[in-house]
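Just so you know, the protein sequences line up as chains F and V, in that order. Residues 9 to 283 in the numbering used here are what the first sequence lists, from first letter to last. Residues 181 to 555 in the numbering used here are what the second sequence lists, from first letter to last.
Among the hints, a few may not be true.
Here are some of the chain F residues that sit facing chain V, going by a computed Cβ distance under 10 angstroms [unchecked claim]:
1) 20
2) 22
3) 24
4) 25
5) 60
6) 77
7) 84
8) 89
9) 229
10) 233
11) 274
Just so you know, these hints were derived from the structure itself, not from any lab. Just so you know, even glycine gets a beta-carbon here, dropped at the ideal spot from N, CA and C.
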Amino acid sequence: MAHATGMKYLKQDALPHMWCAGCGNGVVLGALARAFEELDLAPEDIVAVTGIGCWGKADDYLAVNALHTTHGRALAYATGVKASNPKLRVVALMGDGDGATIGGNHLIHSARRNMPLTAIIVNNYNYGMTGGQFSATTPANAFTSTSVGSNPERAFDICELARAAGANYVARETSAAGMKLKNRIKEALEAPGFSLVEAISPCTTQFGPKNNMRRPVDMFEWLKAKGLPASKYDKMVHPEQEGFFKTGVLVNRDAPDFITRYEAMRSRMQAGGRE
Amino acid sequence: MKKNQRLIQGNEAIAFGAFYAGARFYAGYPITPSSEIAEICSRELPGLGGFYMQMEDELASMGAIIGASLAGSKSFTATSGPGFSLMQENLGVAIIGEVPIVVIDVQRSGPSTGLATKPAQSDFMQIRWGRHGDQAIIALAPATVRECFEFTVLAFNLAEKYRTPVVLAPDEIIGHMRENMEIPEPGELPVVERTEPQGEPADYRPFCFKEGCVHPLANYGSERIYHVTSSMNGEDGFSNNSPENAARRVAQLHTKLDAGREDIVMTESFDVEGCETLIVASGAPVRAARSAAKDARAKGLKVGVLQLKTVWPFPELEIAAAAKNARRIIVPEMNYSGQLAGEVRKLVNDKNMVRQVNSYNGQIIFPAQIAQAIQ
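Make the full structure from the sequences, and use the hints.
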């Protein structure tokens, strides 16, 4: 089989995209489109729900149904789309500010509800579009345009958050590993219940230059050095893990999703009982 | 007693009106004095094949009903002032995206948490102007339990017909009041269904910016693939930043409601013919106004009542016609500043002819207060 290009799922007349040179968003978009193709999904059955931010512009380049919403609320909209028509394949595309900071509450509750949809959070450690301010995933002590004296806040681990809240499938890859990313997205799309893929991605215009990574390639090297598979990461003792992050599939379970649970409740009600 | 005769609450009538209109998706967050609507939805929607979703907050509730509507379900939420405040940003998405949804705002007393269980009519301006960006919206306000039912059906019809959010804004009195009403049989009230777009699926455009135009909405999952965005967009649903496009896009959001004005704006007149004193009211104060007007007429005074069933777009022409011979217009409403009175004042040259009767302590407006203004 020829390699999937994903072109059928891209709005080709909108390309080239608007993202900066070296930005990882294009790699994530390519991985998403290739995952759609390898799963042979019909474009009319896909709804891409986006928030606001650099990665939130992804719907501009997708030839599938799309709903570009407000900052942080993509998962709430996606929840309504999915419950209204459970046959649809719903993906929520959000950044770290969007999906894990202003929209953190919806992330927690989508995972808790185990809503059968896929969240793809591109984490570039800052608010790139508005000039590189710190977000809830900016590492402690990192420099951004609103932490010029270094970030006094601590960062969220998005994947640990999703695991604790009850997501069925959680994975993390970097945009330096497009093929792995595509495979994780494919698995997420096929997973029952709430699935989340965190794509760590370089912000080569804002975050990198402020943190001693002047060139895009410096950031890619940094991603490759810091992202470790479980086989390596888990062997490190806690203090040594500082500054590194685990990649690969982090959670994979098959607890019943929201729609399944709702239908079971509906059947119980129709049978006339609470049991 | 007739078979379908029931003693029900305004909030119950709203829920049953929604089901009658075909609503099958509810997402909300409980809040007094609207919670009965959520409870009834949670009980009834599973059996109707629909979904009740209790969201984590009102921002999510509004997002969910917009998503659900685009995926093909008639969708709604119910809330009160504090929750309605939280819905504003996402409500703007339904306006620019031209997404049919219904929002029930059972108005309670503010500011802020205020008197949580007491009635008010202090959200009229928030309904009209509560969101950033210039836009138009439809709002209806019932004064009886039967109107709660009928206006809810109508709200869904207008939402579908004009592809717009419609706000139904009863005050707490109407929401919690019980009255006898005959539940309409299926087919008795018209119900507007979404019309399938015509033409080649590949040529489908979700929007049309011609003046007054309302384009048929496809559902996600149909053969027509389309985009909806909160950003300034072209007729194809994709981002478009050109000044020419923005002007057409914004204007059409207003002109489509202007074009449907006769269909949307509803008032009811009670003895307004030749009246010298006109009472303009909406919601619960209509009841006090009619009572006060009846007493005044018994004394030989020419007093009429104009009920505003539609609050937005504001019934300017209807008020002007009813007030043709009036020397005085009385506007009773449950807020301090006179949100409706201010709109009425815009219509007359002599601003002093508009007299306000306001209640802002969580209490109903009594006929005696209006009678005093008539003297």
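Taking the hints in turn, this is what the structure says about them:
1. 20: violated, 13 angstroms
2. 22: holds, 7 angstroms
3. 24: violated, 15 angstroms
4. 25: Cβ of residue 25/F sits 12 angstroms from chain V, so the hint is violated.
5. 60: Holds, about 8 angstroms.
6. 77: With a closest approach of 6 angstroms, the residue 77/F hint holds.
7. 84: Given a least distance of 3 angstroms, the restraint on residue 84/F holds.
8. 89: Check passed: Cβ of residue 89/F comes within 4 angstroms of chain V, closer than 10 angstroms.
9. 229: With a minimum Cβ separation of about 34 angstroms from chain V (threshold 10 angstroms), the hint on residue 229/F is violated.
10. 233: For residue 233/F, the interface hint is violated, since the closest Cβ of chain V sits about 37 angstroms away, which is over 10 angstroms.
11. 274: holds, 4 angstroms
Of the numbered hints given earlier, the model fails hints 1, 3, 4, 9 and 10; all others are met.
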